[in-house]
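*Asks:* Given next are the chains, with one letter for each unit.
Protein chains: 2
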Amino acid sequence: MKPAVGGNTTVVVVGGGFAGINAAKKLCRMKGRDGEPIQVTIIDRRNHHLFQPLLYQVATAGLSPADIAMPIRALFKERNVQVVLDEVVAVDGAANLVRGRASVYPYDYLIVACGASHSYFGRDDWEEFAPGLKTLEQATEIRRRILSSFEEAEKSSTVAAVAPWTTFVVVGGGPTGVEMAGAISELARNTVKGEYRRFEPGASRILLIEAGPRLLAGMDPSLSVRAFADLQELGVEVRLNTRVEGIEAQGVKLTHETIPSRTVVWAAGVAPSALGKTLGTDLDPAGRVIVQPDLTLAKFKNIFVLGDQANFKDPETGKPLPGLAPVAMQQGRHAARNIERLIQGAPTETFTYLDKGSMATIGRSRAVMQSGGIKIGGFIAWVGWLFIHIYYLIGFKNRLFVLMQWVWSYLTFSRGARLIVDKDWHLKK
Amino acid sequence: MKPAVGGNTTVVVVGGGFAGINAAKKLCRMKGRDGEPIQVTIIDRRNHHLFQPLLYQVATAGLSPADIAMPIRALFKERNVQVVLDEVVAVDGAANLVRGRASVYPYDYLIVACGASHSYFGRDDWEEFAPGLKTLEQATEIRRRILSSFEEAEKSSTVAAVAPWTTFVVVGGGPTGVEMAGAISELARNTVKGEYRRFEPGASRILLIEAGPRLLAGMDPSLSVRAFADLQELGVEVRLNTRVEGIEAQGVKLTHETIPSRTVVWAAGVAPSALGKTLGTDLDPAGRVIVQPDLTLAKFKNIFVLGDQANFKDPETGKPLPGLAPVAMQQGRHAARNIERLIQGAPTETFTYLDKGSMATIGRSRAVMQSGGIKIGGFIAWVGWLFIHIYYLIGFKNRLFVLMQWVWSYLTFSRGARLIVDKDWHLKK
Numbered sequence: 050m051k052p053a054v055g056g057n058t059t060v061v062v063v064g065g066g067f068a069g070i071n072a073a074k075k076l077c078r079m080k081g082r083d084g085e086p087i088q089v090t091i092i093d094r095r096n097h098h099l100f101q102p103l104l105y106q107v108a109t110a111g112l113s114p115a116d117i118a119m120p121i122r123a124l125f126k127e128r129n130v131q132v133v134l135d136e137v138v139a140v141d142g143a144a145n146l147v148r149g150r151a152s153v154y155p156y157d158y159l160i161v162a163c164g165a166s167h168s169y170f171g172r173d174d175w176e177e178f179a180p181g182l183k184t185l186e187q188a189t190e191i192r193r194r195i196l197s198s199f200e201e202a203e204k205s206s207t208v209a210a211v212a213p214w215t216t217f218v219v220v221g222g223g224p225t226g227v228e229m230a231g232a233i234s235e236l237a238r239n240t241v242k243g244e245y246r247r248f249e250p251g252a253s254r255i256l257l258i259e260a261g262p263r264l265l266a267g268m269d270p271s272l273s274v275r276a277f278a279d280l281q282e283l284g285v286e287v288r289l290n291t292r293v294e295g296i297e298a299q300g301v302k303l304t305h306e307t308i309p310s311r312t313v314v315w316a317a318g319v320a321p322s323a324l325g326k327t328l329g330t331d332l333d334p335a336g337r338v339i340v341q342p343d344l345t346l347a348k349f350k351n352i353f354v355l356g357d358q359a360n361f362k363d364p365e366t367g368k369p370l371p372g373l374a375p376v377a378m379q380q381g382r383h384a385a386r387n388i389e390r391l392i393q394g395a396p397t398e399t400f401t402y403l404d405k406g407s408m409a410t411i412g413r414s415r416a417v418m419q420s421g422g423i424k425i426g427g428f429i430a431w432v433g434w435l436f437i438h439i440y441y442l443i444g445f446k447n448r449l450f451v452l453m454q455w456v457w458s459y460l461t462f463s464r465g466a467r468l469i470v471d472k473d474w475h476l477k478k
Numbered sequence: 050m051k052p053a054v055g056g057n058t059t060v061v062v063v064g065g066g067f068a069g070i071n072a073a074k075k076l077c078r079m080k081g082r083d084g085e086p087i088q089v090t091i092i093d094r095r096n097h098h099l100f101q102p103l104l105y106q107v108a109t110a111g112l113s114p115a116d117i118a119m120p121i122r123a124l125f126k127e128r129n130v131q132v133v134l135d136e137v138v139a140v141d142g143a144a145n146l147v148r149g150r151a152s153v154y155p156y157d158y159l160i161v162a163c164g165a166s167h168s169y170f171g172r173d174d175w176e177e178f179a180p181g182l183k184t185l186e187q188a189t190e191i192r193r194r195i196l197s198s199f200e201e202a203e204k205s206s207t208v209a210a211v212a213p214w215t216t217f218v219v220v221g222g223g224p225t226g227v228e229m230a231g232a233i234s235e236l237a238r239n240t241v242k243g244e245y246r247r248f249e250p251g252a253s254r255i256l257l258i259e260a261g262p263r264l265l266a267g268m269d270p271s272l273s274v275r276a277f278a279d280l281q282e283l284g285v286e287v288r289l290n291t292r293v294e295g296i297e298a299q300g301v302k303l304t305h306e307t308i309p310s311r312t313v314v315w316a317a318g319v320a321p322s323a324l325g326k327t328l329g330t331d332l333d334p335a336g337r338v339i340v341q342p343d344l345t346l347a348k349f350k351n352i353f354v355l356g357d358q359a360n361f362k363d364p365e366t367g368k369p370l371p372g373l374a375p376v377a378m379q380q381g382r383h384a385a386r387n388i389e390r391l392i393q394g395a396p397t398e399t400f401t402y403l404d405k406g407s408m409a410t411i412g413r414s415r416a417v418m419q420s421g422g423i424k425i426g427g428f429i430a431w432v433g434w435l436f437i438h439i440y441y442l443i444g445f446k447n448r449l450f451v452l453m454q455w456v457w458s459y460l461t462f463s464r465g466a467r468l469i470v471d472k473d474w475h476l477k478k
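Chains as they are written, first to last, in the working numbering: chain Y, 50 to 478; chain X, 50 to 478.
Don't take every hint at face value.
To be verified - Quick list of in silico lysine-lysine cross-link-like pairs, DSSO-like style, CA-CA up to 27 Å:
(1) X/K80 / Y/K242
(2) X/K446 / X/K126
(3) Y/K74 / X/K446
(4) X/K242 / Y/K126
(5) Y/K204 / X/K75
(6) X/K80 / Y/K204
(7) Y/K80 / X/K242
(8) X/K204 / Y/K74
(9) X/K75 / Y/K126
(10) X/K75 / Y/K242
(11) X/K126 / Y/K204
(12) X/K446 / X/K75
(13) Y/K242 / X/K242
(14) X/K74 / Y/K242
(15) Y/K446 / X/K446
To be verified - Over 10 Å on every C-beta distance to chain Y, these chain X residues come out as not near it, computed from the model:
(16) A115
(17) D116
(18) R238
(19) G251
(20) R311
(21) K362
(22) I423
(23) I429
(24) Y441
(25) Q454
(26) W457
Everything labelled a hint here was simulated from the structure, so no lab data went into it. Don't be surprised by glycine CBs; every beta carbon is placed ideally from N, CA and C.
Could you build all of it, start to finish, from the sequences and the hints given here?
*Replies:* Given below as C-alpha cells:
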C-alpha cells in the first residue's frame, strides 16, 4: 500500500459528472494549508464519466457506449488525486466524514454532485415499461427494446399484431424527449429502410407526449414552435397538454385514449440523488439541496452541493438554475476556487451563471439553439450543435471518433451500433 | 404483410456466423428450379453477425462491441433474403421443417451452422466463476470483471487482500487463451499505468494454464515455443501439463496447488450447438454432426451441416477440420454451390479445405503465424495478423474504425472501451 502524494488538506468529491470532474481538475492543481498539493478523492459508484447529452445517441444506436464515456481514472493521472469506486450512502457533516459502502472518507472540504435520476412522480411501477435515459445501462436497454420491436414486428403475422411493435412513445417534451423522438423517427424511416420484408418500418408511429403547452419549455417560445414543426416534418406526432395516466406492458394510457405500444421511453421527471437527504439541510419540494449564493450549505461552510442535485436560485429570475451540463461545469470550477479562497482565509464569492445558450437537435440535420438574444433553427443550428458537442466531449480520441461516426452516419444514413445485446451473459446451448 | 420476392425454391440457413453468412451471400444470387431467385431465410437468435476472432479485444477493453458486430439484416438488402430473429429448437428432416420458438420454417434445402459454445466437461458449475468467450455478453462480462478487479484491489487495505484481485487465470492454451493472457498482461502493465495509488497493477500475476504439453496445439511446435517465450516476456506465467481440478469464487484448484484469483477466463473446451442432436444422425463424441464429403448428411441429402457444428474428416490427416473461421467460410460457399448443383440436377462435389494458414496474436506487437511451409513470429507476424483481420472484418466502416482504434491504442498504449457496465439497467437512487 503506497501512501498517496499530497499535503494535509483533503477534498472529497462525490460524483464524477460534469460538476465533480470540473471541480477536481482545478483542485488537483491547488495548494493546501501546508503549501503542498491538495489531496483530492473522487468517489463514484461507476468507473466512468458519462457525456449525458449524447446518451440518446447510444439509445438509438448511433454511438457506442465507449464513445461517450471515459474512465474517471484515466482523466486524473495526477498523483495527488485518488479515484475510488464506491457508493456513498451518507454524509456526516458534523464529523466531516463521508460514509461509503466500502469505506469511510474524512474530508476538510466536501463537494457533493451526484446528479439526478428519473422520477416517475410516485409511479415507480412505470419504470419497467418506460425506462429513463440517465445511464449507459438504460441507454443500451432502450436500444435493445427499439431494435427488438422491429424484429417482433417482422415476426408478427397480422397487421394488428404489428402495430404495438411499431408504435414508439416518448414521454416528456424537453431536450431529451425531442432528441429521442427525432432519432427514433430517423432510425425507423431511414436507417433500417429495405431491411424488413413483412412490414414497413418507415410507417412506424412515433409519439411525443408533453403535459405542458409547449416543447422545450426552457427555451424561447419561437423555438418551441420551430421544434414542433421540425418534428412533424420528421413524422413525429406531438401531443401537447397531454397527461399520461398510466403505463403498462401493452401501452400508454392518456386521459381519453390508450395507445398500444411496446416501446415507451421516459424523458419526463427528474429526481436528484437521495444523498441530499442525509445532509440534514433544507431541500426544495423536488428534493434538491438549497445552496447559498457561494454554493455552500448554510449549516456547513465546507460542504458544496452542485449541479442537478443543487437548487441554486438564479438572482435574475428568482428560479433555480436548470439541470444542464454548463451549469454543472461552471459550478464545479467555482466551488474549487471557493475552496482555494477558504484555504487562504479569504471570503468565498457568489456564483454567477454565465448562460452561453442552450440547444436541442432534431433528427439528422436540424436543431434549435438560443444564445443571448440569438435564436436559430434548422441546419445552421445543427452544425453549431455538432461542433459544441464535439468540443465539450472529454478526451481527444472520443472527439475524433464521435465526429467520424457522425460523418459516416450522415453520409450513409446508417447507424453503427445496432446491437441487440441480452442482459444475461450465461451460456445458452 | 408483404410477401417476399423470389421463386419456389426455399433455402433456410440456421445461424448467422461465418458459415451461414457466406452461404447466404452466394445463395441469394442463385436461381431456383423455376428460374426465379432462391428464397433464402436466415434464422439466428441474435440480430448480429459477430467477428469472433476479435472478441478477446472486447473482453480486454480494446474494442467496443459494435466494432466487431454487424446486424445480419444490414448485410442482406436483397429482397429475396429474409432474416428472422428466432431460436431454432429442432429440425424435422423427414418433413423438411425447421422448428423455431416463434414459428415453423419449411425448406427445400437446409444449412445448419449454429457454431459452438463453451464446454466445461460436465462441470457447468464452473461457468459462474470462469465465463467463456463466445458472445458479446460474455465479452463485456469478462471486461467488467477484469476492470472491477483493479477497482477492488485499490479498495483493499492489505497486501494479502489485493493478491486475489490482481491474479488473473486463463484456462486453455489455444489461440483464445494465448490472446487473452497477452492482452490482460498489456492492460495491467501498460494501459492502467499510473492510475492507481494504493497498489501497482503492473505487478499483477497473469497465469495461462494448459492441460496439454504445449500452447497452440493446432500450430507447428516451433510456434508453440515462440508463443511461450513471447508470453513469458510479457510477464505471463505459462503452466503446461497442468490440469484444473476445480474453479470456485476464491480461485482455481490445480493438482498440487490452489491459486487465489477472483478473475478466471475459460478458453478450454468447446461444445457444438445442441441442435445437432435433433437431426437424428451420427454425432462424434464431442457432439459434432458427422457430415459426408459433400457436407450433407448421409440420411438427408438436402441438409448441410457446417462450421464448428460439423465433423468433416480431413482426408489428408484423417482428423476433423478445426473450428476456425476460414473453414466455416469456405464450407458456407461450398454448400451454396452444392445446393445450386442439386437444383440443376447435377451431382454434388466434395469439399476440400484450402488451408491458408493460422495465427494468434500475443500482446501489442507480436504474433505467430503459419501458412503452408512458412512459420513466422514477432512483429512481422503481428502486422500480417492485423491486416488479415482488418481484411476479413465485415463492412467497410467496421474495418476503418477498428483500424483507427488500433492505431490509436498502439500509439498511446490506451484502450478505448474501459467501461464497467452493470447488467441491471433499473433506476438506482
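*Asks:* Each hint should be assessed against the structure and marked as holding or not.
*Replies:* Hint-by-hint comparison with the structure:
With a C-alpha separation of about 25 Å, the suggested pair X/K80 and Y/K242 falls inside the 27 Å cut-off, and the hint holds. Taking the CA atoms of X/K446 and X/K126, the gap is about 17 Å. The hint holds against a cut of 27 Å. Using a Cα cut-off of 27 Å, the hinted pair Y/K74 and X/K446 is violated, with the two alpha carbons roughly 35 Å apart. Annotation: proposed proximity of X/K242 to Y/K126 holds, straight-line Cα distance about 9 Å (limit 27 Å).
Taken as a hint, the Y/K204 and X/K75 pair is honoured in the structure, with Cα atoms around 25 Å apart against an allowance of 27 Å. For the proposed pair X/K80 and Y/K204, the alpha carbon gap of about 26 Å is at most 27 Å, so the pair holds. Distance check on the hinted pair: Y/K80 and X/K242 sit about 25 Å apart at the alpha-carbon level, within 27 Å; holds. For the hint pairing X/K204 with Y/K74, the CA-to-CA distance comes to about 22 Å; that is within 27 Å, so the pair holds.
As the CA atoms of X/K75 and Y/K126 are separated by approximately 52 Å, the hinted pair breaks the 27 Å bound. Of the supplied pair hints, the one linking X/K75 and Y/K242 holds, its CA atoms being roughly 22 Å apart against a limit of 27 Å. A C-alpha spacing of about 18 Å is found between X/K126 and Y/K204, which places the hinted pair at or below 27 Å, so the restraint holds. Restraint check for X/K446 and X/K75: satisfied, since their Cα atoms lie roughly 22 Å apart, inside the 27 Å limit.
Between Y/K242 and X/K242 the alpha-carbon distance is near 46 Å, which puts this suggested pair outside the 27 Å criterion. At most 27 Å may separate the alpha-carbon atoms for a hinted pair to count; X/K74 and Y/K242 meet this at roughly 19 Å. In summary, the hint linking Y/K446 to X/K446 is supported, as the alpha carbons are separated by about 17 Å, within the 27 Å threshold. The claim that X/A115 is not at the interface with chain Y is violated, since a C-beta of that chain comes within 10 Å of its own (minimum 4 Å).
For X/D116, the shortest C-beta to C-beta distance to chain Y comes to about 7 Å, within the 10 Å cut-off, and the non-interface label is violated. Distance check on X/R238: its Cβ is at least 16 Å (rounded) from any Cβ of chain Y, clearing the 10 Å threshold; non-interface status holds. Interface exclusion of X/G251 from chain Y stands, the closest Cβ pair being 13 Å apart, more than 10 Å. Look at X/R311: its CB is around 15 Å from the nearest CB on chain Y, clear of 10 Å, so calling it non-interface holds up.
Remark: the non-interface label on X/K362 is consistent with the geometry, its nearest Cβ contact in chain Y lying 25 Å away (cut-off 10 Å). The claim that X/I423 lies off the interface holds: its Cβ sits roughly 36 Å from the closest Cβ of chain Y, which is beyond the 10 Å cut-off. Every CB of chain Y is more than 10 Å from the CB of X/I429 (nearest about 28 Å), matching its label as outside the interface. At roughly 19 Å from the closest C-beta of chain Y, the C-beta of X/Y441 stays outside 10 Å, upholding its exclusion from the interface.
A beta-carbon of chain Y is positioned within 10 Å of the beta-carbon of X/Q454; the least distance is around 8 Å. At roughly 6 Å from the closest C-beta of chain Y, the C-beta of X/W457 falls inside 10 Å, breaking its exclusion from the interface.
Checked against the numbered hints listed earlier, the structure breaks hints 3, 9, 13, 16, 17, 25, 26; every other hint is satisfied.
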